[in-house]
Amino acid sequence: MTGRRRIRFGVFLAVGLALALALAVVVSRHASNEPDGLERVAADHGFADHATERDGWSYQGLAAGAGVVVTFGVIVGGGLLYVRRRRPRPQG
Amino acid sequence: MHIPDGFIDAPTSATAGVAAVVGVGAALRRAGRVLDERAVALAGLVAAFVFAAQMVNFPVAAGTSGHLIGGVLAAVLVGPSVAAVCITVVLVVQALLFADGGLSALGLNVVNMALVTTFGGYALFAALRWLLPKRPALVAVAAGIAAGAAVVLAAGAFVVEYAAGGAGGSASVGTVAGAMLGVHALIGVGEGVITGLTVSAVLASRPDLVHGARRHFAATHSASAGDELPAAA
Chain A
20 MTGRRRIRFG VFLAVGLALA LALAVVVSRH ASNEPDGLER VAADHGFADH ATERDGWSYQ
80 GLAAGAGVVV TFGVIVGGGL LYVRRRRPRP QG
Chain B
27 MHIPDGFIDA PTSATAGVAA VVGVGAALRR AGRVLDERAV ALAGLVAAFV FAAQMVNFPV
87 AAGTSGHLIG GVLAAVLVGP SVAAVCITVV LVVQALLFAD GGLSALGLNV VNMALVTTFG
147 GYALFAALRW LLPKRPALVA VAAGIAAGAA VVLAAGAFVV EYAAGGAGGS ASVGTVAGAM
207 LGVHALIGVG EGVITGLTVS AVLASRPDLV HGARRHFAAT HSASAGDELP AAA
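For the protein sequence lines, the chains are A and B, in the order given. Position one of the first sequence corresponds to residue 20 (this note's numbering), numbered consecutively onward. Position one of the second sequence corresponds to residue 27 (this note's numbering), numbered consecutively onward.
The set of hints was computed from the structure by calculation and includes no laboratory data. Glycine included, each C-beta is placed from N, C-alpha and C at the ideal position.
Quick partial rundown of chain A residues pointing at chain B, CB under 7 Å, derived from the structure:
no.: 1; residue: 26
no.: 2; residue: 56
no.: 3; residue: 60
no.: 4; residue: 71
no.: 5; residue: 86
no.: 6; residue: 90
no.: 7; residue: 98
no.: 8; residue: 101
Residues on chain B that point at chain A, a partial pick, calculated with CB under 10 Å:
no.: 9; residue: 57
no.: 10; residue: 118
no.: 11; residue: 122
no.: 12; residue: 124
Full structure from sequences and hints, please.
See below:
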């Protein structure tokens, strides 16, 4: 392992985020539309009707991509605020 | 496995809400102790990836699909405490922006998907890692198996909540239990495969970023000094 060059962290991060966006915006279009396990059990056993529905964005296209970005932003925003408040900025 | 409002009664939902606040609060404190900028960026990536992957439902049986929960995937990559925070943020974004999962049910969903799968699943992972030969590649295998089992654990948690305060339907708790555990065993296979493959990919590219493999890879060499993460929760 020593001497083998590794992917730089920034590249790893960028590729990972691009993958996440691709999953959300492109791949999810081809995802199954069938009810998930819980919804299926609820439907089969008579308690699906108890669910109260609300309006929200759909998991498609730009909205899906926005969800990925918002999730990333909340963690990084909150985390950086915490890290930088907790100790002085590192030298150099 | 997102529970909508109305499936579980108010007292049970409120109890789960308290448990969620306590559990995620504790996870936040533990996570805060070990975070630096790089770990924060990695946590953000893990949360973003889990958010996206949860959208990709896969068929498991006639008329039924499943999707990744991602609790064990996150825990193996960033440790269970950071993972719990990540999954919680995913669930909150889903509930608030996409109306996926109820608001009064948010505590239930956090308990089932952000706490049970991360801490319970990571305990399974650690046990498997201890049992298996100490080869780095087997970290992915242990992660996959633990992830699959954690889906069933989460389904079991729902059954407990349903028994305590379910809205009631045509079937007994026992019947619902059988149905939930059965279908989620199938979904668990998908979760296990996705988790194992993803952990493998990270092990192949940046193994030092895998919390669950840190005994093999953390702080071992000078080629990229300053590039590794500190020991995590």
